[in-house]
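K.L.:
Could you put together the complete structure from these sequences and hints?
Be aware that the sequence shown starts at 1, since it is given in our numbering, and climbs by one per residue.
It is worth saying that the hints were derived from the structure and are not from the lab.
Hints are not guaranteed to be accurate.
To be verified - Here are the in silico distance ranges between beta carbons for each label pair: (1) G125 to T42: 32 to 38 Å; (2) L92 to R70: 18 to 24 Å; (3) L38 to E122: 17 to 23 Å.
As the list claims (entries may be wrong) - Okay, derived cross-link-like pairs now, SDA-like style, lysine to any residue, Cα gap no bigger than 20 Å in a straight line: (4) K155 to Q100; (5) K145 to D103; (6) K45 to S113; (7) K97 to V127.
Beta carbons are placed, not taken as given, at the ideal position from N, Cα and C, and that holds for glycine.
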Amino acid sequence: MLSGFGRSRKIASNRYVEYLSESDPANPCKDVVGSSLLGSDTFVKWIKSSFLSGAGNTHEIPELKQLKPRPSVELIVERVSYYFQTRVETILKCGSKCNQARDIAIYLSRELSGQTCQSLGEMFGHVSGAAITMRHKHIEKDLKKNRRLKQNLQKMREQIVET
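P.N.:
Right, here's the structure in full:
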């Protein structure tokens, strides 16, 4: 390989070191998606839609969580508002007490969207990430007690994931 940089080993070595210091070799690992995919955005989208949209158990392969297509928070809020026959603004507005549609939208957004609690808080009326966690835990507790709520939530989850 050094022969391309000079005839003598010493000169070739020095030129090679200069070449490496001048050039900025691109790191191919920076474009890796989900620890295993390397390619254009179109290729990654094709892989996700073709092979990962129906992948169920992500416990065995943790990278699948990053790769699986996730619904947007906007879609989740839209579906929940349709299900509860309420306006999207009512769900996104903070400060209203006993807003079950809002609590369920927060719960499903945290479960399905992959967004952080902090970013969800920004979307749901600029509340803190702790408030999102509290609403999530509140619905989890209600799900253990209320079978009808659990069934309704499962229907909403299926409708959201199907789209």
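K.L.:
Now tell me if each hint is right for this structure.
P.N.:
Results for each hint:
Evaluation of the 32 to 38 Å hint for G125 and T42 yields a pass: the beta carbon distance comes to about 36 Å. For L92 and R70, the hinted distance range of 18 to 24 Å is satisfied, since their beta carbons lie about 19 Å from each other. With their beta carbons about 32 Å apart, L38 and E122 fall outside the hinted range of 17 to 23 Å. Restraint check for K155 and Q100: satisfied, since their Cα atoms lie roughly 16 Å apart, inside the 20 Å limit.
About 16 Å separates the Cα atoms of K145 and D103, which keeps this hinted pair within 20 Å; it holds. Distance restraint check for K45 and S113: the Cα-Cα separation of roughly 17 Å lies within the 20 Å cut-off, and the hinted pair is therefore satisfied. At roughly 14 Å between alpha-carbon atoms, K97 and V127 fall within 20 Å of each other, so this suggested pair holds.
In summary, the one numbered hint that this structure violates is 3.
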